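Enquirer: So the chains spell out like this:
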Amino acid sequence: MSRLQVLKKLESTLENFLGQAVEPKKTSIEMRNSIDTLDNIAGESLRGRYISNQLTNWLSQNRFFLESDNINESEITKVANFLSNIKSGLDNSDPRSQELIKEIDNWRDKGVIPKRKLILKLKPKTGEKNLLKEFMDIVSRESLYINSGEFDNMHLLSVLDDILKSAELKEDRMFIHLAGSIIYYLKANGYKVDPFVKRLKEIEQKKLRETDVK
Amino acid sequence: MSSDSSEIRDKAIKALRNKEYAVASEIFKTTENQFADNIDFRILKEVTALLLAVKNEIYEIEKNDFIVEEIHTHGQETELRG
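Residue numbers (numbering that gives the first Met the number 0), protein chains in the order written: chain A, 0 to 213; chain B, 0 to 81.
If we strip away everything but chain A, and leave its shape as in the complex, we get:
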């Protein structure tokens, strides 16, 4: 190969290199990878790590971010939010951080503007069940039932046996709940409760079957 041919080949290689280096288009995969990288940088920033070098490189490598055909509104917003988070963590007194803050502001001026999701929460409708109120009612009724005098001087195991019988015969589900509470309390205090648990389960299944038939 002659000297001229070598030079022409070098010329072509260098022109191709420069052409690709200033090519604004990135594939959507590259774009997503770029956004992931910025996400990582934002994460590092939140953990208080030094990210100036990483951010400088990212900004430089993504200078044609907005010119890409493969970028959509939600991705722009993502990037804007990451940059906004990173900016809030940069040290205003550090000259290099000041430069980066200016660059982030430039991106904002070009349309990379952070947006927050607005979440509206409705209060529960008045006609809906208020579980807390129902729970307070049942606990209150249980307390009145236990304090009615019927169980004075009885052992709690006997009280439980009596309540399980009521649970089996009566429709009021308060008895099932009360039995469950007493079983839990007894178990926590070292009593063997397996037979009572078995009885309670049988009663619950029977009640469920009855509900299905109705």
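Read the hints as simulated data drawn from the structure, not as lab findings.
Being a predicted model, the structure only gives us computed values, none of them experimental.
Misleading hints may appear alongside valid ones.
Unchecked claim - Lysine-lysine pairs mimicking DSS-like chemistry, simulated, CA-CA at most 25 Å apart:
id: 1; chain 1: A; residue 1: K7; chain 2: B; residue 2: K13
id: 2; chain 1: A; residue 1: K132; chain 2: A; residue 2: K169
id: 3; chain 1: B; residue 1: K10; chain 2: A; residue 2: K109
id: 4; chain 1: A; residue 1: K197; chain 2: A; residue 2: K164
id: 5; chain 1: A; residue 1: K8; chain 2: B; residue 2: K54
Using the hints, position chain B against chain A.
Expert: Using the frame of chain A, we list chain B on its own:
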């Protein structure tokens, strides 16, 4: 990076996209200090300078290969042949 730096950088990139390498090179030279920490920018600057040097070298070689002959045909017509 200030908005001025950003503008200058955009101009240099635009010149490279338009294959105006001499223009880009001038911008790189005048803003060298502003982008001293920017590796990407420095690579573009060096590659552009190298490309211009290669182009100059090619020009020099091709210029020397270009021979102008004066040919007389039947002693009347004059034709320049490259």
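Enquirer: Would you mind marking each hint as holding or not holding in the structure?
Expert: Right, here's what the structure says about each hint:
1. A:K7 with B:K13: Within the cut-off at roughly 24 Å; holds.
2. A:K132 with A:K169: holds, 22 Å
3. B:K10 with A:K109: holds, 16 Å
4. A:K197 with A:K164: Satisfied, since the Cα-Cα distance of roughly 13 Å is no more than 25 Å.
5. A:K8 with B:K54: holds, 11 Å
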